[in-house]
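Each chain is listed here by its residues.
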Amino acid sequence: MPGSGHEGPGTRDLAIVGAGPAGMAAAVAASRAGLDVVLVDAQARLGGQYFRHAPPGLRAGHPGTPQRGFGRFTRLAEALTGVDVRLGHRVWAVEKAVEKNAERNTAGNAGKAAGNDPGNEADQNPGKDAAAGFIVHCLAGTRDERRVTLRARRLLIATGAHDRPLPFPGWDLPGVLTAGGAQALLKGDLVPAGRTVVVAGTGPFLLPVAAGLAEAGARVAGVFEANGGAGLAPALAVRPGKLAEGAGYLWRLARRRVPYAVRHAVVEAHGGDRLTHVTVARLGRDWTPGARRTIACDALAVGYGFVPQIELATQLGCATEAGGDGEQVVVVDAGMRTSVPGVYAAGEPTGVGGADLAEAEGWIAGRAVAADLGRPVRPAPALSRRRDRLAAFGRAMQDAYPVRDGWKGWLRGDTLVCRCEEVPYARVREALALGATDARSVKLLARPGMGWCQGRVCGYAVARLAGETSPPPRRPVAHPVRLGDLAGLPDRADETQGTANDPAGEEAR
Amino acid sequence: MTDVVVVGAGVVGAACAYYAARAGLSVTVLDRGPVAAGTTGAGEGNILVSDKEPGPELELALLSARLWRELAGLGGFEYEAKGGLVVAETSEVLGSLADLAVAQAGAGVEHVPVAAGELPGYEPDLTPDLAGGVYYPQDSQVQPMLAAARLLSGAPGAVLRTGVEVTGLLRDGDRVTGVRTNEGDIPAGAVVNAAGTWSGEVAALAGLDLPILPRRGFILVTEPLGGRLGPPLIRHKVYTAAYVTDVASDSEGLETSAVIEGTPSGTVLIGASRERVGFDRTTSIPVLEALARQAVALFPGLAARRVIRAYCGFRPYCPDHLPVIGADPRAPGLYHACGHEGAGIGLAPATGHLVAGLLAGAAPTLDLSPFRPERFAA
Ligand SMILES: Cc1cc2nc3c(=O)[nH]c(=O)nc-3n(C[C@H](O)[C@H](O)[C@H](O)COP(=O)(O)OP(=O)(O)OC[C@H]3O[C@@H](n4cnc5c(N)ncnc54)[C@H](O)[C@@H]3O)c2cc1C
Ligand SMILES: Cc1cc2nc3c(=O)[nH]c(=O)nc-3n(C[C@H](O)[C@H](O)[C@H](O)COP(=O)(O)OP(=O)(O)OC[C@H]3O[C@@H](n4cnc5c(N)ncnc54)[C@H](O)[C@@H]3O)c2cc1C
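Chains as they are written, first to last, in UniProt numbering: chain Z, 1 to 509; chain F, 1 to 378.
Simulated from the structure, these hints should not be mistaken for laboratory data. Fair warning: there could be bad hints in the mix.
[Unchecked claim] One side only, chain Z facing chain F, incomplete, derived with CB under 8 Å:
no., residue
1, R239
2, V481
3, A487
[To be verified] Just the calculated beta-carbon pair ranges, DEER-fashion:
no., chain 1, residue 1, chain 2, residue 2, range
4, F, P187, Z, A322, 33 to 43 Å
5, F, A81, Z, T288, 43 to 53 Å
6, F, A360, Z, R292, 52 to 62 Å
The beta carbon of each residue, even a glycine, is placed where N, CA and C say it ideally should be.
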């Protein structure tokens, strides 16, 4: 496409979106196997969420701050020589490039390819081809934002996850933030979220957040886990070592006299123009709130799990299914291949399970892409076994920390469910009374999820209020893009195509 | 037994239910999904008389525009009588636009010719590179999903059953005597097929051929600009005269012509592409790019505004681009209200009004023969 001005260099072997543990490991594996790789991330720094580190200058002044996994991160980062790393590149869409010799392929064989053979993530079916590759549409730069278009024969989606909050009265007050947000602030900027912080929600992630805050000098006024932890046995049977890790966090909290309570939740946040205190309630088995008390604090970090970020996969039509926590995950085979030939997924998009699992999946995906492109790759059965074990642990943890329906009882009519569009709970109820029966129809009638964040924050709550689990995301535009940038291309309608797996698409163009 | 079963809780089914219930009939509305989640939830809500050539569809549109004004009194949904501004890039196009407006005037369409120099008075941010335009005060806009839901909740005694899929029709000889569903049989005096783009499938349950096919359209939505925060950047619905030719086109390929409008929530909607690709939901970046180019060409100031979402839907179209409205002589008891293509929101009240009239045994107030269901038979 001469003259269009925002084309990167020619077609690469592999484009990876997301430079967290999964994307970095995949990039290293694929480039070691001889592939030409481009690694794209929206952030200004490598590492994603887990490998998030403050820049060295900042770190120097805080000798005691936690930098877990720094050694692993450094080793991976150093092994990225030869990979074209594109930081500060937000991918707003991915699409299939057009096939030159219209040899259309039907999808569906990907799931079968190596699914029963965990010892060999190489492609057993070389005929399974990936159309003519993929186009990755990015926006680069902040003030002088511009379009960058990258092309690759294969695409790996390693876009991680985002926080999953639940609404409650006052959750929109300044001073209330997500558990992940508090962690990112602490790790990336070495700033504790407040002077006196309450940590609440559910899941194992609350513990490192609270410990990190306490050790960085914040007073942690309490950690409130909504579940009882009773269902942990199956998870610990898979990874007994994690018991020690959990106990380690609890000990670190106890040492700093941080109160820790199970079956409790923050059901309301109070304050005028910012947070001053929270109401904590004891919870019944289904999370119905019981006895209450208030705790003074200037920050609340709250999280009820994570939502895999899979809209790029659904843009391409990759099959998804509900994971253990009800969130949609991308369906992959033992080589991390999705249902769309040529598209792979690794890390949180295939199911939330933490950094170790993400990294293992990254290694597998990078090797599978190399093998599928004909590079010699030795089987690594131990890697696959490790992945399976970590994935089983992740699923067991999700089972142990479910979200129970009683949270709906925390809401009042005027509690905002969608903050972007300022939709209170009463309007959601009204939409349900008018005949909405799922998240999408509630959105159509009452607007939650129509705003700036496109339902990333409220999507889970709205789906649950409508009585369903989260549907697969429909976000044809994954990041806001200026109309001028979108308009910038010369007409090239003849160069792209619709889904290969929808026969109806073949009538077109 | 219910007098009428309406299949489909889109805006057309809702209007049929509303007017039938107002005529004193007992009505049950069935939808396999939620309310308004079919094409009604994927459209724009333009109620246009300006884009129609004199003829049966324009008659329907004029009746409908009047009925929407009345229905707005029900409350609970946005209705804006904002008017439409059609602009022409060249003097030739302006000439044919002016001719069309004169012909439409004969049918009762009001219009105001707008010289190039007067355009900024209507839309200050419009590009100066235009030959002129025509303003149509009867064009208006509605929030279609809420409107459909409110019509249903405002239909006296009507029962809405979501999650109920019609899988067969009950027959007594040729007569249709009710529907078979995943929740059992529902006998009825009459069945109205308002299943939108899927109406051909419902007709097929009666062994009838109704050639209704999907025509895909994409819409871009910007970040809020103004709205609650100030006056909107775009005051009317604004589109280029090219839209009129696209709507009537038989082309299989992609056509885009920007229709741009602000909404009370402050966002700007940019439609509308037209292409025949079956029910393919895959995002087409070239289509989004084409829409953006046309929008920026009309309103250069939009270049700096961000698109935050995009969506697509499937217009129900017939080969002759006219809807199907009326009793089906091949299956007494079965009525059709479908195939409105890109105008179903605008045309819904008139359709519902006419179908209800037939159901109640009144003589139609408008000649329905151009819309008769059996017109496609070879
Ligand atoms: C806010 C937050 C903080 C977390 N902190 C921790 C922690 O401290 N410890 C811990 O064990 N776990 C943490 N987690 C859980 C974490 O998701 C996993 O442990 C681990 O980081 C997963 O690795 P990953 O490679 O799958 O994804 P991530 O590490 O999340 O990496 C995904 C990367 O993809 C990029 N990306 C996503 N979409 C796009 C796009 N459209 N265009 C360009 N780039 C894109 C993101 O910028 C990100 O860098 C956190 C999660 C969140 C959401
Ligand atoms: C991008 C785009 C922009 C548009 N813009 C405009 C505009 O500005 N103005 C305008 O007037 N029109 C516009 N339209 C067209 C308009 O949206 C449609 O004509 C109109 O919504 C059709 O309404 P309906 O009630 O016939 O169909 P739908 O809203 O599709 O309703 C049909 C219902 O039938 C249900 N159904 C189907 N089969 C069964 C079954 N077997 N059993 C039970 N239920 C069933 C479906 O679930 C669905 O809810 C636009 C369309 C698109 C795609």
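CB-CB spacing for T288 (chain Z) and A81 (chain F) relative to the 43 to 53 Å hint: Hint holds: Cβ distance 49 Å, inside 43 to 53 Å.
Restraint outcome when A487 (chain Z) is required to lie within 8 Å of chain F by C-beta distance: holds, 4 Å
When the least beta-carbon distance from V481 (chain Z) to chain F is tested against 8 Å, hint result: Check passed: Cβ of V481 (chain Z) comes within 5 Å of chain F, closer than 8 Å.
Range hint 33 to 43 Å (beta carbons of P187 (chain F) and A322 (chain Z)) holds or violated: holds, 38 Å
Pairwise beta carbon distance, A360 (chain F) to R292 (chain Z), judged against the given window 52 to 62 Å: holds, 58 Å
Residue hint R239 (chain Z), partner chain F, criterion CB-CB below 8 Å: Violated - the Cβ of R239 (chain Z) stays beyond 8 Å from chain F, reaching only about 39 Å at its closest.
Checked against the numbered hints above, the structure breaks only hint 1 and satisfies the rest.
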